[in-house]
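Protein sequence lines correspond, in order, to chains F and U. Those letters in the first sequence? Residues 0 to 124, by numbering that gives the first Met the number 0. Those letters in the second sequence? Residues 0 to 124, by numbering that gives the first Met the number 0.
Honestly, the hints are just simulated from the structure, not real lab data. Just so we're clear, the structure is a prediction, and the values are computed from it rather than from any experiment. Possibly wrong hints are sitting among the right ones.
So, partial list: chain U residues that the calculated Cβ filter (under 8 Å) puts toward chain F [unchecked claim]: (1) His4; (2) His72; (3) His78; (4) Thr81; (5) His114.
Ideal Cβ positions, reconstructed from N, Cα and C, are used throughout, including at glycine.
2 protein chains.
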Amino acid sequence: MRGLHLTADLFDCADPAGLLSDGARLQQLCEHLTDEAGLTVVGSHFHAFPPGPHGTVGWTGVLLLAESHLAVHTWPEQHAVTLDVFVCNVGQDNSARARRLLDALVARFAPGRAHRQQVERGVTA
Amino acid sequence: MRGLHLTADLFDCADPAGLLSDGARLQQLCEHLTDEAGLTVVGSHFHAFPPGPHGTVGWTGVLLLAESHLAVHTWPEQHAVTLDVFVCNVGQDNSARARRLLDALVARFAPGRAHRQQVERGVTA
Numbered sequence: 000m001r002g003l004h005l006t007a008d009l010f011d012c013a014d015p016a017g018l019l020s021d022g023a024r025l026q027q028l029c030e031h032l033t034d035e036a037g038l039t040v041v042g043s044h045f046h047a048f049p050p051g052p053h054g055t056v057g058w059t060g061v062l063l064l065a066e067s068h069l070a071v072h073t074w075p076e077q078h079a080v081t082l083d084v085f086v087c088n089v090g091q092d093n094s095a096r097a098r099r100l101l102d103a104l105v106a107r108f109a110p111g112r113a114h115r116q117q118v119e120r121g122v123t124a
Numbered sequence: 000m001r002g003l004h005l006t007a008d009l010f011d012c013a014d015p016a017g018l019l020s021d022g023a024r025l026q027q028l029c030e031h032l033t034d035e036a037g038l039t040v041v042g043s044h045f046h047a048f049p050p051g052p053h054g055t056v057g058w059t060g061v062l063l064l065a066e067s068h069l070a071v072h073t074w075p076e077q078h079a080v081t082l083d084v085f086v087c088n089v090g091q092d093n094s095a096r097a098r099r100l101l102d103a104l105v106a107r108f109a110p111g112r113a114h115r116q117q118v119e120r121g122v123t124a
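The shape of chain F in the complex, shown without the other chains:
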């Protein structure tokens, strides 16, 4: 169950496709890019938060993957989003697929600034 966990916290997103406040479109895009990256969706669940003072709706969503999960939390009033892609490397090394998926997602939000990190998971003591 060794794996790779990638995070990207994006600020000042130009968000040309209006993903930050459109959960249906965001879910469809996540599923599409996951397929394209060669990872396998086994379930998904997206939830809308009540509108903020400017009337925009934030979303939190997760895709359950055969390889682990993708999570997304949007903050439309802050033009911001957090992304997680976690893959376990059982049977094959999924690291390149995870990077491809996260890179593709980040590009769609067109952030002005990004804080990206990676964590090696399941490393035994």
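For chain F, the structure is supplied; the task is to place chain U on it using the hints.
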């Protein structure tokens, strides 16, 4: 959208409550401990994987939280599980709640070895 992301990858779990292969019990426990920690569940989704060579069923599951998410992936044939608790600190600092939740979950699996990490999220460049 600054936040704290805690991970725990657990090995050699004694698993006294049989959580690794019982998704319903695992989901109920995750929801209960999240409530106890003072965090708010807004959705959850658990998925069973096909039985492995020894007939045990692994689970992957996520709770969507008002504060971000909890994710769990079990590997019963390896007596292992990965846990994630990610909280954003909007309006209040949820770090102590996240630690309380993860500590409580880790204890229920009674691992022989644990690999725990923490990542500060949403730190602007």
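**Message:** For a quick check of understanding: which of the numbered hints are violated here, in increasing order?
**Reply:** 3
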